[in-house]
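Protein chains: 2
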Amino acid sequence: MVHIRNAALEKQSDDHFHHLGITKNSADLRKMFGDIKFLCMGGSMKRLKNYAEIFAKELGISMSDNLSTTDRYSIYKTGQVLWVNHGIGMPSASIIIIELIKLLYYANAKDVVAIRMGTSGGIAIPPGTLVLTNGALNGELIDKYVQYIMGKKILRTSVFDAEVYHQLYNVAHQLQLPVQIGKTLSVNDFYEEQTRMDGAFCEYTEEEKFAFLNHLHKLGVRNVEMEALSFAALFNRGNIKVAVICVSLLDRLKNDQVLLGHNDLNEFEMRIFKVISVYIKQQLKLC
Amino acid sequence: MVHIRNAALEKQSDDHFHHLGITKNSADLRKMFGDIKFLCMGGSMKRLKNYAEIFAKELGISMSDNLSTTDRYSIYKTGQVLWVNHGIGMPSASIIIIELIKLLYYANAKDVVAIRMGTSGGIAIPPGTLVLTNGALNGELIDKYVQYIMGKKILRTSVFDAEVYHQLYNVAHQLQLPVQIGKTLSVNDFYEEQTRMDGAFCEYTEEEKFAFLNHLHKLGVRNVEMEALSFAALFNRGNIKVAVICVSLLDRLKNDQVLLGHNDLNEFEMRIFKVISVYIKQQLKLC
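One line per chain: the protein sequences are P and F, in this order.
Position 208 of the first sequence, counted from 1, bears residue number 208 in this note's numbering, the numbering being contiguous throughout.
Position 253 of the second sequence, counted from 1, bears residue number 253 in this note's numbering, the numbering being contiguous throughout.
The hints are simulated quantities; they were obtained by calculation from the structure and are not laboratory data.
Predicted model only: the values in this text are computed from it and were never measured.
Each hint should be verified, as a subset may be incorrect.
The list cannot tell twin chains apart, which means a pair is met if one copy fits it or any two copies do.
Straight-line Cα separation of at most 20 Å, EDC-like style, residue types lysine to aspartate or glutamate; simulated pairs [to be verified]:
#1 K241 / D35
#2 K281 / E206
#3 K274 / D264
#4 K152 / E58
#5 K152 / E207
#6 K209 / E140
#7 K285 / D71
#8 K49 / D71
#9 K152 / D264
#10 K11 / E207
#11 K110 / E267
#12 K11 / D28
#13 K24 / D14
#14 K153 / E140
#15 K281 / E140
#16 K218 / E10
#17 K153 / E203
#18 K281 / D161
#19 K24 / D161
#20 K218 / D71
#21 K46 / E206
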């Protein structure tokens, strides 16, 4: 079962989901979400909607309207799968993750797997390679998600489900897509924390940048993005299994700028979808 | 002038703005953005577009199409003012801030003021009160924006321009809108880091929550949100003056849930716009 741990919430007569524009009592959440088995998420609203549309078309099933009434996050339902965007960065992702955990808890959902379908910068892997995360590091290079609660630093463990990422690896392999299992660095900005040299500010040399990226590689890090760590740590607390699959848009040992054309970017992003679509159909015995 | 500090960037023949979908050489940036004096920003794409539309209508001037071709951020231009959404949280905001600094640097823009027009939770102030930030604290209750660069903790100063927030205070006062000047707590989540008791997880008591909020109040904090600190710290580095004006949607000493109806929320959000609109018109001598 999906878990929460908040005695105060249990006493609340209703619950306003500020970022979804719905309340607990405004809808029959068990009927709407009780059957959910997969949460498919990613940063971009447009991309996740597109994935939902293709998935529904492939299966010949219907796709819901956007079930969120705010412009912050969108939620589309196709059978037992929700497609939800989480925006950019761990703070943005944390909000929708907490609201989804509450939603699925109220709905009595069980055996749920959350999958982040993201884009990332690769380290020593060709653009287009899929990376399945088996562990995530923060900006301090520690495998913990940090929260500051009442001024105190709290470290949260993050676990990526080995059974799920091995299954996803096998699917990618069967589809003949380039795929690796490795660690992911999850940081809080796109430029300096990723040692890019194409931002507005750069206080390190090219030598220092490559030394850092090579150090990451030795630690087992294969890609860098901005959400995997909180994604795992928060869903873990809700008793929801987690996988993160990201496509690499560039090799950071070659360059900093993303120079892909629209068609290449689209084809790369569709690689993630192909794997997840086959995997979910297998798991739900839909094909 | 808008500053950058990155020798490597100066050597790059072109610059791809990954999150805006444009490149330095694809447009005449000086012609498009050289005249910009105000960057008006906020989390929500829809709200910022709405502000831009009303501003253009009030002045009888034209509003550009969305100048960003990605779905991550949107940019609308009305005369010498840009209206840009930054998403939720400091990591999301940091990306568009860095790309805007580069854009305005290439455009040779000067004397630019960036204003965040946000929503927030108030502390001991009635809902609807406007808060002008005179200093921001992070989750550790320190007035520094933290970056981890190559694993090392770097602290960045953040300054809110006293002349600008006093001018904004006077405008709000003239418009007879409730307004205060105070500190802002900028944290990385909406629930636990803000000591809310309506999230999926809560490991503190109501007494501890109120003790923390009262402690914040004694430190001069009047509202809590998720962006002001990085907003100031990053724009400061680009030699862009900063102001942050947020409306309080609730008093956190009274409740955690945002229970405002659509009309109240809309009226509160328009209070921010009214102040900024009058202020910009005064500054640009448009009325």
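Hints, verified against the model:
no.: 1; hint: K241 / D35; verdict: within (16 Å within a copy, 51 Å between copies)
no.: 2; hint: K281 / E206; verdict: neither (45 Å within a copy, 45 Å between copies)
no.: 3; hint: K274 / D264; verdict: within (15 Å within a copy, 44 Å between copies)
no.: 4; hint: K152 / E58; verdict: neither (48 Å within a copy, 47 Å between copies)
no.: 5; hint: K152 / E207; verdict: between (36 Å within a copy, 16 Å between copies)
no.: 6; hint: K209 / E140; verdict: within (16 Å within a copy, 28 Å between copies)
no.: 7; hint: K285 / D71; verdict: neither (34 Å within a copy, 34 Å between copies)
no.: 8; hint: K49 / D71; verdict: both (13 Å within a copy, 12 Å between copies)
no.: 9; hint: K152 / D264; verdict: neither (45 Å within a copy, 35 Å between copies)
no.: 10; hint: K11 / E207; verdict: between (57 Å within a copy, 17 Å between copies)
no.: 11; hint: K110 / E267; verdict: neither (33 Å within a copy, 41 Å between copies)
no.: 12; hint: K11 / D28; verdict: within (19 Å within a copy, 59 Å between copies)
no.: 13; hint: K24 / D14; verdict: within (6 Å within a copy, 50 Å between copies)
no.: 14; hint: K153 / E140; verdict: both (13 Å within a copy, 8 Å between copies)
no.: 15; hint: K281 / E140; verdict: neither (38 Å within a copy, 45 Å between copies)
no.: 16; hint: K218 / E10; verdict: neither (46 Å within a copy, 31 Å between copies)
no.: 17; hint: K153 / E203; verdict: between (27 Å within a copy, 13 Å between copies)
no.: 18; hint: K281 / D161; verdict: within (19 Å within a copy, 56 Å between copies)
no.: 19; hint: K24 / D161; verdict: neither (30 Å within a copy, 42 Å between copies)
no.: 20; hint: K218 / D71; verdict: neither (41 Å within a copy, 35 Å between copies)
no.: 21; hint: K46 / E206; verdict: neither (35 Å within a copy, 40 Å between copies)
Hints 2, 4, 7, 9, 11, 15, 16, 19, 20, 21, counting from the list given before, are not met by this structure.
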